[in-house]
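Chain residues, written in single-letter form:
Protein chains: 2
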Amino acid sequence: MHLPLGFSAAGVACGIKSDPSKLDLALFLSDRPATAAGVFTQNQVVGAPVKVSRSRVPSTTVRGVVLNSGCSNACTGQRGIDDAQWMTAAVAEQVGCQPEDILVCSTGIIGHFLPRQKLAEGIPVVSKSVAAGDDHFLAAARAMMTTDTVPKQAMRKLSLGGKTVTISGACKGAAMIAPNMATMLAVVMTDVRIIPETAQKLLTQAVNTSFNCISVDQHTSTSDTVLFLANGATGITIGDTAMQEFQQALTDVCQELSQKIIRDAEGAEHFVTVDVIGARTSEEAYRMAKSVCDSPLVKTAVAGNDPNWGRIVSAAGYSGVKFFEEECSLAINGIEVYRAGAPTQFDADAVSAAMKTGEVHFVLTFTHGKEQSRCWTCDLTAEYVRLNADYST
Amino acid sequence: MHLPLGFSAAGVACGIKSDPSKLDLALFLSDRPATAAGVFTQNQVVGAPVKVSRSRVPSTTVRGVVLNSGCSNACTGQRGIDDAQWMTAAVAEQVGCQPEDILVCSTGIIGHFLPRQKLAEGIPVVSKSVAAGDDHFLAAARAMMTTDTVPKQAMRKLSLGGKTVTISGACKGAAMIAPNMATMLAVVMTDVRIIPETAQKLLTQAVNTSFNCISVDQHTSTSDTVLFLANGATGITIGDTAMQEFQQALTDVCQELSQKIIRDAEGAEHFVTVDVIGARTSEEAYRMAKSVCDSPLVKTAVAGNDPNWGRIVSAAGYSGVKFFEEECSLAINGIEVYRAGAPTQFDADAVSAAMKTGEVHFVLTFTHGKEQSRCWTCDLTAEYVRLNADYST
Numbered sequence: 001m002h003l004p005l006g007f008s009a010a011g012v013a014c015g016i017k018s019d020p021s022k023l024d025l026a027l028f029l030s031d032r033p034a035t036a037a038g039v040f041t042q043n044q045v046v047g048a049p050v051k052v053s054r055s056r057v058p059s060t061t062v063r064g065v066v067l068n069s070g071c072s073n074a075c076t077g078q079r080g081i082d083d084a085q086w087m088t089a090a091v092a093e094q095v096g097c098q099p100e101d102i103l104v105c106s107t108g109i110i111g112h113f114l115p116r117q118k119l120a121e122g123i124p125v126v127s128k129s130v131a132a133g134d135d136h137f138l139a140a141a142r143a144m145m146t147t148d149t150v151p152k153q154a155m156r157k158l159s160l161g162g163k164t165v166t167i168s169g170a171c172k173g174a175a176m177i178a179p180n181m182a183t184m185l186a187v188v189m190t191d192v193r194i195i196p197e198t199a200q201k202l203l204t205q206a207v208n209t210s211f212n213c214i215s216v217d218q219h220t221s222t223s224d225t226v227l228f229l230a231n232g233a234t235g236i237t238i239g240d241t242a243m244q245e246f247q248q249a250l251t252d253v254c255q256e257l258s259q260k261i262i263r264d265a266e267g268a269e270h271f272v273t274v275d276v277i278g279a280r281t282s283e284e285a286y287r288m289a290k291s292v293c294d295s296p297l298v299k300t301a302v303a304g305n306d307p308n309w310g311r312i313v314s315a316a317g318y319s320g321v322k323f324f325e326e327e328c329s330l331a332i333n334g335i336e337v338y339r340a341g342a343p344t345q346f347d348a349d350a351v352s353a354a355m356k357t358g359e360v361h362f363v364l365t366f367t368h369g370k371e372q373s374r375c376w377t378c379d380l381t382a383e384y385v386r387l388n389a390d391y392s393t
Numbered sequence: 394m395h396l397p398l399g400f401s402a403a404g405v406a407c408g409i410k411s412d413p414s415k416l417d418l419a420l421f422l423s424d425r426p427a428t429a430a431g432v433f434t435q436n437q438v439v440g441a442p443v444k445v446s447r448s449r450v451p452s453t454t455v456r457g458v459v460l461n462s463g464c465s466n467a468c469t470g471q472r473g474i475d476d477a478q479w480m481t482a483a484v485a486e487q488v489g490c491q492p493e494d495i496l497v498c499s500t501g502i503i504g505h506f507l508p509r510q511k512l513a514e515g516i517p518v519v520s521k522s523v524a525a526g527d528d529h530f531l532a533a534a535r536a537m538m539t540t541d542t543v544p545k546q547a548m549r550k551l552s553l554g555g556k557t558v559t560i561s562g563a564c565k566g567a568a569m570i571a572p573n574m575a576t577m578l579a580v581v582m583t584d585v586r587i588i589p590e591t592a593q594k595l596l597t598q599a600v601n602t603s604f605n606c607i608s609v610d611q612h613t614s615t616s617d618t619v620l621f622l623a624n625g626a627t628g629i630t631i632g633d634t635a636m637q638e639f640q641q642a643l644t645d646v647c648q649e650l651s652q653k654i655i656r657d658a659e660g661a662e663h664f665v666t667v668d669v670i671g672a673r674t675s676e677e678a679y680r681m682a683k684s685v686c687d688s689p690l691v692k693t694a695v696a697g698n699d700p701n702w703g704r705i706v707s708a709a710g711y712s713g714v715k716f717f718e719e720e721c722s723l724a725i726n727g728i729e730v731y732r733a734g735a736p737t738q739f740d741a742d743a744v745s746a747a748m749k750t751g752e753v754h755f756v757l758t759f760t761h762g763k764e765q766s767r768c769w770t771c772d773l774t775a776e777y778v779r780l781n782a783d784y785s786t
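From first to last, the protein sequence lines stand for chains A and B.
The opening position of the first sequence corresponds to residue 1 in this note's numbering, with each subsequent residue numbered one higher.
The opening position of the second sequence corresponds to residue 394 in this note's numbering, with each subsequent residue numbered one higher.
I should point out that these hints are in silico values taken from the structure, not numbers from a laboratory.
By construction, the Cβ of each residue, glycine as well, lies at the ideal position given by its N, Cα and C atoms.
A portion of the hints provided could be inaccurate.
Covered by chain B, per the in silico footprint, the following chain A stretches (three or more residues, Cβ under 8 Å) [to be verified]:
| id | stretch |
| --- | --- |
| 1 | 20-29 |
| 2 | 102-111 |
| 3 | 215-228 |
| 4 | 239-251 |
| 5 | 277-288 |
Only chain A is shown next, with the shape it has when bound in the complex (with noise of 0.2 Å):
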């Protein structure tokens, strides 16, 4: 997995989590000025470094990004801003740009000021550890991380007048996961040139599809930020006969990003799935889906591999959405429990067995329309409790 034309990354320890050993500090750094695009979380709560890096985008001269975790600058008034541009400008000093020209990202706990004297000792040593290779980009991704087991990337290939270009990112789960026209923390770059009014076109439909299907818990963060970086070092400018190819594989990388943070996200040991077809719009299709995915009842059935799918098409009656029972049809991993209103006799030993899989797969079919979405999310098991009991305490 490794980084497009002209990008370098590193990631560090200075000592923000507990766990002095832990790296905390990511640096992404383009060789030169890239077009830069943004989204963020819709929460009217966010955080000092949404407020900084909201305000830099769209541009057409960003040099880097700087992300730290173990603290979230998020709820601290004033002075998180202020901390939040003093970190920029500490990167800028190091890179040789203007604080303008970097951006950043915070994650980790609520309410916590960030702590200067420890990243002001870490931001040389970043800047200067920043490197094209592969363990460089890992080592950023796993300076993203909180709660996270596993560092999450992904990449794609395009070959576009006659030369391989590369769209790669990176990003971090794992719990206070529920986009609303964001997500969580993540980094997406690729070597072409792009304007940025077709970056965020690009970035936007792409997040759409991917970080805005996925529920862990429906908590929309303060944080959430997704930024894409197109720094043209491959001297390729995508042309409009190219444009949906380089969307599909955008969205690619997204969706593969977005599906790692439900793979990894607290206590989960399902991988859920959400189909909504024959919707009239595939705005009511979200609608429904992303009710399914944010059900406790549903999760929590999920977690004990229990077939009890009246709590699915009770979750989808509630979502706001018109319908008849009628209308409406379920099948679990491929077996059809409801038709039209009614149970089927299905075997629900049968169901069972399959999702003890640990791959969950609902299809809820209605007769409105040709409109569908796809969500993805996990179930809620004691794990994930336990996980968040005691999170700051």
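Given chain A, work out where chain B should sit, using these hints.
Same frame as chain A, now just chain B:
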């Protein structure tokens, strides 16, 4: 805890539940035709008993309500509707009234058909068992229970026109609780005379500040029903002067019942009151309070007595209500932890110790206006997950 004048009740075991000693069939009767009003789930998927009862109110000729636990008769198609109608006809035959004058509620697992043979044997027994005594009221409340650990009743007395009038009710919980313009099963009775339009207005008002303000798991059930019966047995009619007093007493009964659901919620160890004050509208206050009540991250933090207040503020932040962080402050059990968008210097151990009492109180204060809302929830524990991971299998 006794019934209003002219009402009788009974609860018997007829074998719907797997444990044959458990009460699972309840009947509330009025000795004369009563005014009846109801509020029902807004889920698009509704149980057959909801469809049948909803079509029979408002009414001035209702004689009784039959309820069973152990099977919700929801998602059961036309056969479910036939079964629910048959159930009311079987009771009507015993009581000597029209089937339309009997209302019906069912609670338990979704997607299973009612066991007609068991009900055919149980209905004559429960009909012959009805009496006005407190023990009979209690038995009926017990027969409504599913995973509830205690029966739930409430009563208020008022002096009107020189006579004592009574409002009594019973309800059940204990999960799939996030009523939306409705609630879990509840029957509220009074011995005053009320016309249907007034009864409906009084009930809707009471439910909006009681059952609609609780959430165990944000999963609006297919079976939520609150029925209100007024039989006029005292000969008292509420005049305009007493209306406000009666409304308050009815609201008190509904609030006490709904709070009992939260106190007995599956796996719950904490009772949480969420106040949002200083909002622009009561609807905005309600949306923010409900958003906090529905957050698994807030609820797991409460389970761990963890004053992780960022989760509370950010849950209000994604409720859809617009605000700036500087307009928001938060206190937990009387201790201010967040003031005007920035953290205070508070003693986390003191807040955690206060939470360990099991009574938790969040007050979110905004600078927008004078409207407010109060909602109630419980914590999310590993025990809730355990209970719901294998409910049907």
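Outcome of the hint check:
| no. | hint | in the structure |
| --- | --- | --- |
| 1 | 20-29 | violated (count 0) |
| 2 | 102-111 | holds (count 3) |
| 3 | 215-228 | holds (count 6) |
| 4 | 239-251 | violated (count 0) |
| 5 | 277-288 | violated (count 0) |
The structure fails hints 1, 4, 5 (numbered hints given earlier, in ascending order).
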